[in-house]
Amino acid sequence: MSAVSYLDLLRLTLPEIVIVLGALAALSLDLLAMRQSRLAVRWRAGAAVACISCVGAIVLLLVRPEQASLSDGMLVVTPLTQLVQAVLIVFTILTVLLSVCSTFTHHVGEYLAVILFATAAMMLLVSTQNLLMVFAALELLSLSLYILTAFNKRSRQSAEAALKYFLFGGMSAAFLLFGISLLYGFSGSINLVEIAAAIQAQPATPMLAIAMVMTVTGFGFKVAAAPFHLWAPDAYQGAPTPSAAFIASSSKVSSFFVFAVVMVTGLAAGVGSGGWHGHGAGWVPVLTMVAALSMLLGNLAALVQSSVRRLLAYSAIGHAGYMLLGILPHNAPSLRALLYYVITYALAAIGAFGVLAALEDEGVDRLEDFAGLYRRAPLLSCCMLIFLLSLAGIPPLAGFFAKFSIFSSALAVRSEDPGLLWLVVLAIAMSAVSLYYYLKVLKQIYVCEPSAEVGAIRSRGAARAAVGVIALLVVLLGCFPNLLLGWIDGAMRAMPH
Amino acid sequence: MNGFPWITLLTLVPLSGALLILLVAGKNRNAARALAAATGAAALAVTILLWHGFDAATGALQFQERYAWIPALGVDYHVAIDGLGLLALLLSAIVALMSIAASWDTREHGRLYFALVLFLEAGLFGTFTALNFIHWFFFWELSLIPAFFLIRLWGGSQRARAANQFFVYTMVGSVALLLAFLALYLATGKFDFIDLAQMARSGQLIPELARNLSWHHRTGEQTAWWLFWLAFLGFAVKIPIIPFHTWLPSTYAEAPSSTTMLLTGAMSKMGLYGLLRILLPIFPAQMQRALTLLLWLAVASVVLSALAAWAQTDMKRMFAYSSINHLGYCVLGIFAAARWTGGSLATEKAAALDGVYLQIFNHAVMAAAIFWFVALLEKRSGGLRGLNDFGGLRKIAPVFCGLMGIAVFSALGLPGLNGFPGEFLIFKGAFPLATWAAVLSGIGLLVTAIFLLQLLERVFFGPVNERWRTMPDLSLGERLAVFPAIALMLVLGFYPQIIVGTVNSTVVQLVTQLKPLPPGF
Amino acid sequence: MLAWTIYISFLGALVLVLIPKANAGAARVVALLTAIAGFAIAVAGACRYTPGALITVVRVAWIPSLGIEYHLAADGISLTLLLLTGVVAIAGVLFSWNVERRSAEFFELYLVLIGAVYGVFLSFDLFLLFVFYELAIIPKYFLIAIWGSTRREYAAMKLALYSFAGSAMVLIGVIAAFVEAGGRTMNLVELARYPFPAHFQMWAFPLVFVGFAILAGLWPFHTWAPTGHVAAPTAASMLLAGVVMKLGAYGCLRVAMMLFPRGLDPWGLHVLGFGSWRDLFAVLALTGIVYGASVALVQRDFKFVIGYSSVSHMGFVLLGLMTLSQIGVSGAVLQMFSHGVIAGLLFAVAGRMVYDRTHTRDLRELGPMRLAKVIPFAAVTFVIAAMASVGLPGFSGFVAEFEILVGAWRAFPTLAILAGVGILIGIAFAWRAMDKVFFGDAPVAAARLDCPRISLAERLGAAILIGATLAVGVYPRLLLDLIIPALNSPLFDGLRKGAWR
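Residue numbers (this note's numbering), protein chains in the order written: chain L, 61 to 557; chain F, 214 to 734; chain A, 68 to 568.
Worth flagging that the hints you see were computed from the coordinates, not collected in a lab.
Note that beta-carbon positions come from the ideal geometry of N, C-alpha and C, so glycine has one too.
Check the hints yourself; a few may be wrong.
Each computed DSSO-like pair below joins lysine-lysine, with the alpha-carbon atoms no more than 27 Å apart [stated by the list, open to error]:
1) F:K608 with F:K592
2) A:K440 with F:K592
3) A:K88 with L:K503
4) A:K225 with L:K503
5) A:K440 with F:K240
Covered stretches of chain A, as calculated for chain L (at least 3 residues, CB under 8 Å) [claimed, not checked]:
6) 198–204
7) 240–253
So, partial list: chain A residues that the calculated Cβ filter (under 10 Å) puts toward chain L [what the hints assert, rightly or not]:
8) V84
9) W129
10) S132
11) F194
12) F209
13) M224
14) F231
15) M236
Kindly generate the complete structure, drawing on both the sequences and the hints.
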């Protein structure tokens, strides 16, 4: 292990430190000073502290581009990781805004602190190439998310969802750990780069295959890909809305990013082939199956849902399938497409949950509850329209270009892997299917008339503002994809590999 | 060549009149009928101007206008008139004006009615002047559709069936025409009647058909044969020639009488015009080949229709069949003149054709007048028009009977009235050319005389039918309105040279063009 | 300047969002002004146009890393279709003058749809074309689902899914072409010049063609069309049948045939009597012609008659495209314009003039109402529309169908004859509909139907459409002078190299 310069470490992890400090500050403020105040005031104060720390962290990230690798790959800071971290923090800010003035808990400070801890965990997760660090950060993230899911102590659904999440998560963590151990055993290192070299040098053995399958399983659970998705519908439905939004957005971004890094950087040599003929052994065929299963199961199951949250959960599974398409070609354009897709997906998802959060006081969850929403909450309905259509992939919204770039990067790999064509065809077909259930929701909102008794909906100001901003972002990115794409491009080009 | 566009102007007059009526007249029936009458008069005036400027010494086409219209398809806007065309224009204008006058007092005939009549007139003008199939066909259809609606909306009790029958028959004929000319276009690339006739004369048509249109290995001659019959069908339905006439009696009977005037006076002439302008110049060899059959059809048209008319008791039906009979003479004359004689008998041919042209004009005036009188009678009798419903009208309404009598005698072919010269010339020409046909057709003359005299006897003479004791005679307005038609009948009866002089050079040219048939047809 | 057709439409929609919801009158006026402005710009563009040229309107880099540009350009074919959109848009607004419920939203969606359609016709970047093409789907859905009539939610969903499925097929083809050409450009001009391998074109062409042709109503993927047209409110059916179906046909020509012309070449072997995709699609088009006409003949619902007649007429367009001759393809483009206007007129009569007053579309119920006497203007308009629809000379349909038939005769004589039969059936169903709806006979003592007179807006709308079809019918060179030079331009070089005549 190379010598660690603590000053360097401090400098490089300053954003994370700021976030943790923010968490602690919010916690202390709430515990010490505000126990007697009204819930709304406590929320606003805590959110203000949290947001300030997040903004500070973003400033630090953007102002000081770094390129460094410390401690055997434990901390790798590149412009790309800084970009992803900045995005994650943005999502955190949005989640915090969505949670302001919620009524599902009194433990305001704790809630905000856990969110920020989770953020710090994600930031560490994306800026490492060391498997042990990956595992540690992943565990920190998962634990935070379990707690966030269970936060509504008054709801049985919340507890049940958290329990399921915890059990599945624990099991998948075990799988992941087992896979990591096997990889260590195979290659003698826990650094992804060295593992890659080792795999390249030695012939593939069954141990490597098992290791790869285990790793895929572990990560597959995290990104809610079928058949590891069973926790997702319950979690999305039972968790308090801001938590669900957080799970659906930030954790997806970070999980996919680290999944891609591990697969592509670490296991690149063990790819195999996903084509019809020439099925080589490797993780690509496995991942292909997982992707196909996710797309099919996610979209088909979403067709019959009557709860909008479960619908969003299953659609998330479907989208996970599309995003896996970005890992399969394992080259730079596909990674760029993946990153773009997951960020825009996360935006739309957090927006959709944001609308749900804004309407939470009305208890809106079933499809019928949305009837005639256009009249009761016109701006929120418009935002929901934007988010759902972006998820469906309708131009000129962000989701369309995301799908386009992922599909074209998958099709571009014709020489090495001609078989991805069928997966793209399946993806496009499932996209068409998905339009049906998104339109179902929109139909309820815009076409159906409300039952006579209900009046206008009052929604929380902060949530509304956040949703509005997200909607604008989605439209903006849809019309000018280059804004984000150029940023990602720049970051990737500045990297050594 | 493209001088002042008189013909286009002529066609535009009734079109603009119709549009004006639709847009401006509102619910005001007086405005509508006044506009209609003004338009009709204007159209007649322009036609007379054309007559005035027409050079009767040459048989060539005059007032030609030719503009490129759809170069991609080889379609030009090509209009011109010769003697035949001018004649047809004159009679159209006259009959249309008569029809408008006949509708003057009919309250149900509002502005839509007059507009449709004017559209029909525009269609007639267009058909009689167009020389390129595309816009000829447009105007052909343009006359069909207003006629359909005139029957359908204002006709008698069986009008739906009659109108549908009319529509279907005429449409079948139109489709046949369209197919024939489509095929000709695909073979030769031309739509222009003059060009096609030129090709037929120089013997190029058959080889072109053979080259470009070999349908299941048919030869050029066989294809031309089929096309001839297709085109013939289109015209035969229009005139009509037996056995394609079955639509006519009910249509003429159910249509409002002023529409029947147009139908019999002008629209039937479209068929004859087509035979002369289109069928004969383009398919002379085929016509010669089919001549015996055609002459039989002509004879049938003359004789059988006369017999059928004799059997009728409804006056409108009777005169409907009588129309077929009268036009049958024209058909006879045309087919007789189509016979290939190798250059001899040219005078006879000219005579026959002169007679045909005369008969075309005279029948138009006469038939229109007769149906007008029937309409007047119907109005007074509250809708009755049976042969046996009346009696001794001569004592009740002498002026009416006198004027109608003139028209009926003209139909009979009494010398001195305009029905005579045409029929006379036709027989004079047809006798040497197709003797047996002419002889058999004489039966038609005889039968016509019988039933018309019977009509006179039962309606005008005989014991007075008390029911009509108080029937009013013709009012002054009506007398003045009918007077020009009667005058025409008398004038043309005594001095047919007015017409013959105009058309003779055209006839002579047509006969000359018929002379050289391609060898080995 | 032509790009302003798109921008003005979207701006109009934006203005409508800001108008207070209760003010229906202002909404209509804004919509009408926007539609007129769009049409005026299109006309100005057409007047200034030099035939055969490709005028680039806007060209800026959009997503440089993928070579995607925001590239708007127009040639003669685009201009023809722009003019069509303008005319139908104005007429549609006029015929929607009576929409009272949520009228501002109605016109917002309407204008967004118009803007997207203008966008498709002006796009010369394949990605941009696809963007506008997909953009059109959502307004259609809502227009039918909210303001439609019979089974509107089902029809709207069916239409949206069919359209999306079609565009999904197109997307595969588009991405494949993009990747195959090196992933550097989406410019239609350059892609047209790129020599795609023959075997690639052989599968890309039918995929993209069918994808677009679904929206054009190719048999047997046409089933969304009658249902959708019947359920849609009048202006939406006018737009759907009049313009949106032409999007599909335009895509077939501009994308499938221009980029993958070798896909039309003979396969070298015969499967079930077909020797190439061209044969197959020609037969399918013909089936559409005859099937559409025959089914229209036996319909009891007035709007279904017209819906199926649309399928029949679009069959002519597709048949014309498959003739691969200048006369046939130019006839197809002309038929796109002609049918667009005529379908608009037919739906206006059936929907706005008749259904809104009588609340029934059943032919047997309409007969006794003696509509010819009650609303004579509607009867006259329908007669004119029927004459135009069957292809009477003097109206635009004649020249178009004639050109297609001539082209078809040279390429597939049997099909041309069968298409002629289709026209005859067309005459039959048009006449039947006219007879049953307007000229039914009722006992004289029956009470006259009491319904409002035909309003000025309806008369204006009808006049505009009739004028358009007459103008092109009497002087087809108005449009043929735009279309034929466009077909002879270098864009279609690949297409002209094969079996072109």
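Hint by hint, here is what the structure shows:
no.	hint	verdict
1	F:K608 with F:K592	holds, 19 Å
2	A:K440 with F:K592	holds, 24 Å
3	A:K88 with L:K503	holds, 20 Å
4	A:K225 with L:K503	holds, 13 Å
5	A:K440 with F:K240	holds, 13 Å
6	198–204	holds (count 5)
7	240–253	holds (count 5)
8	V84	holds, 9 Å
9	W129	holds, 7 Å
10	S132	holds, 6 Å
11	F194	holds, 7 Å
12	F209	holds, 6 Å
13	M224	holds, 6 Å
14	F231	holds, 5 Å
15	M236	holds, 8 Å
Checked against the numbered hints given earlier, the structure satisfies every one of them.
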